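So you can see what is in the structure, the chains are spelled out below.
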Amino acid sequence: MSASLNISPEHRRLIAKLESIGTLTAGEHDALTALPLRVRQIAEDTDIVREGDAPSDCCLLVEGFLCRYKMLPDGGRQILAIHTAGDIPDLQSLQLKVMDHSLGTLTPCKVAFIGHAALQEITRNYPGVAALFWRDTLIDAAIFREWLTGVGRRTAHQRIAHLFCEIHIRLKAVGLANGDGFDLPITQAELADSLGLSTVHVNRVLQDLRRGGLIQSRGKYLAVMDWRALEEVAGFDPRYLHVR
Amino acid sequence: MDLILQPVMVDTGEEGEGCLVFAEGWLVAVLVRLSDSHEDESGYWFLEKGFGRLDRPDPPSFSDLPTAEQWIKEHLEIRRPPRWPGDPGEA
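Those protein sequences? They're chains A and B, same order as listed. Here numbering that gives the first Met the number 0 is used: position 225 in the first sequence is 224, and no number is missing along the way. Here numbering that gives the first Met the number 0 is used: position 77 in the second sequence is 76, and no number is missing along the way.
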């Protein structure tokens, strides 16, 4: 493992993510380590790619939170997905050339751009890596199904509790959450846009969950005091995340 | 168009102060006063439920009742355009 000391934190994040959903051979590991990355720090509330763009890179999220969203003609925004470190939210741009939604930062983010050409080469030469990327996009679709179920049929309390449980599992899979809670520097308006709720309803539910002793907010840190109760409120079953 | 506001208690888990809003005898909205827990919007009147033309996926809050009434009147008076060929729309 001495070679791993020379791996950049950005490559390490990508590998941790892929190993959270599958296994890598030594050769695949080395090939991923050699992927050329262009690392950038991006301020919060900044678009990375917009609907209609035809990007030539994919974007690996190294630190922070990103979202995929669509704007409506009346100025309303629907957040379609919240992305955590290790995700490549626009991996689909490798196959679908024109973006049908936008990708932007929710918090200050460190991202690493990977050229499409380099990704195409690694997937050609290492079918195991291609299979893991495919698996990741299938899990992405599973998360969409769960969100759709939530927006359509879950109560405000269930939606918020479900999202907190989901983000916790995803952060834990890449070593960014402990058992107590996690950093969640996301505003109530962003939660509202994600869950099809008003900010008023989000605020009421958060107050209820605090009053009930399920969560505590300590600045940007969300401390979960009672996981079992939170999962019960949400009706949460982590199977759809397919974490190993 | 005149609106009639009728005080009512609404079970939202907050203090409950609210009012039913009637236009020409029709219930068109329920407004609820936001408690102190809403920080920037505490004391505002939230469109808890709008009916018909006031139905919104992301309902607004208003700093006071006259502002809420103004918004409700404006949105009730907007003429709905025809939605399909032959639809007369709404006056």
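If you're looking for bench data, these hints aren't it; they were derived computationally from the structure. What you are looking at is a predicted structure, and each value in this text was computed from that prediction instead of being measured. One should not assume that every hint holds.
Simulated crosslink set (SDA-like; lysine to any residue; CA at most 20 Å straight-line) [stated by the list, open to error]:
# : chain 1 : residue 1 : chain 2 : residue 2
1 : A       : K219      : A       : R152
2 : B       : K48       : A       : G151
3 : A       : K69       : A       : G103
4 : A       : K219      : B       : D39
5 : A       : K109      : A       : G178
6 : B       : K48       : A       : V150
7 : B       : K48       : A       : G75
8 : A       : K96       : A       : D135
9 : B       : K48       : A       : R152
Structure-based check of all given hints:
For the hint linking K219(A) to R152(A), the alpha-carbon distance of about 29 Å lies beyond 20 Å, and the restraint is violated. Simply put, K48(B) and G151(A) have alpha-carbon atoms about 18 Å apart, close enough for the 20 Å limit, and the pair holds. Straight-line distance between C-alpha atoms of K69(A) and G103(A) comes to about 11 Å, which keeps the hinted pair within the 20 Å bound. For a cut-off of 20 Å, the pair hint linking K219(A) to D39(B) stands: about 19 Å separates their Cα positions.
Between K109(A) and G178(A) the CA atoms are separated by roughly 25 Å; this puts the pair beyond 20 Å, and the hint is violated. Between the alpha carbons of K48(B) and V150(A) the distance comes to roughly 18 Å, so the proposed pair stays at or under 20 Å and holds. Annotation: proposed proximity of K48(B) to G75(A) holds, straight-line Cα distance about 18 Å (limit 20 Å). At most 20 Å may separate the alpha-carbon atoms for a hinted pair to count; K96(A) and D135(A) meet this at roughly 18 Å.
Between the alpha carbons of K48(B) and R152(A) the distance comes to roughly 18 Å, so the proposed pair stays at or under 20 Å and holds.
Going through the hint list in order, the structure does not satisfy hints 1 and 5.
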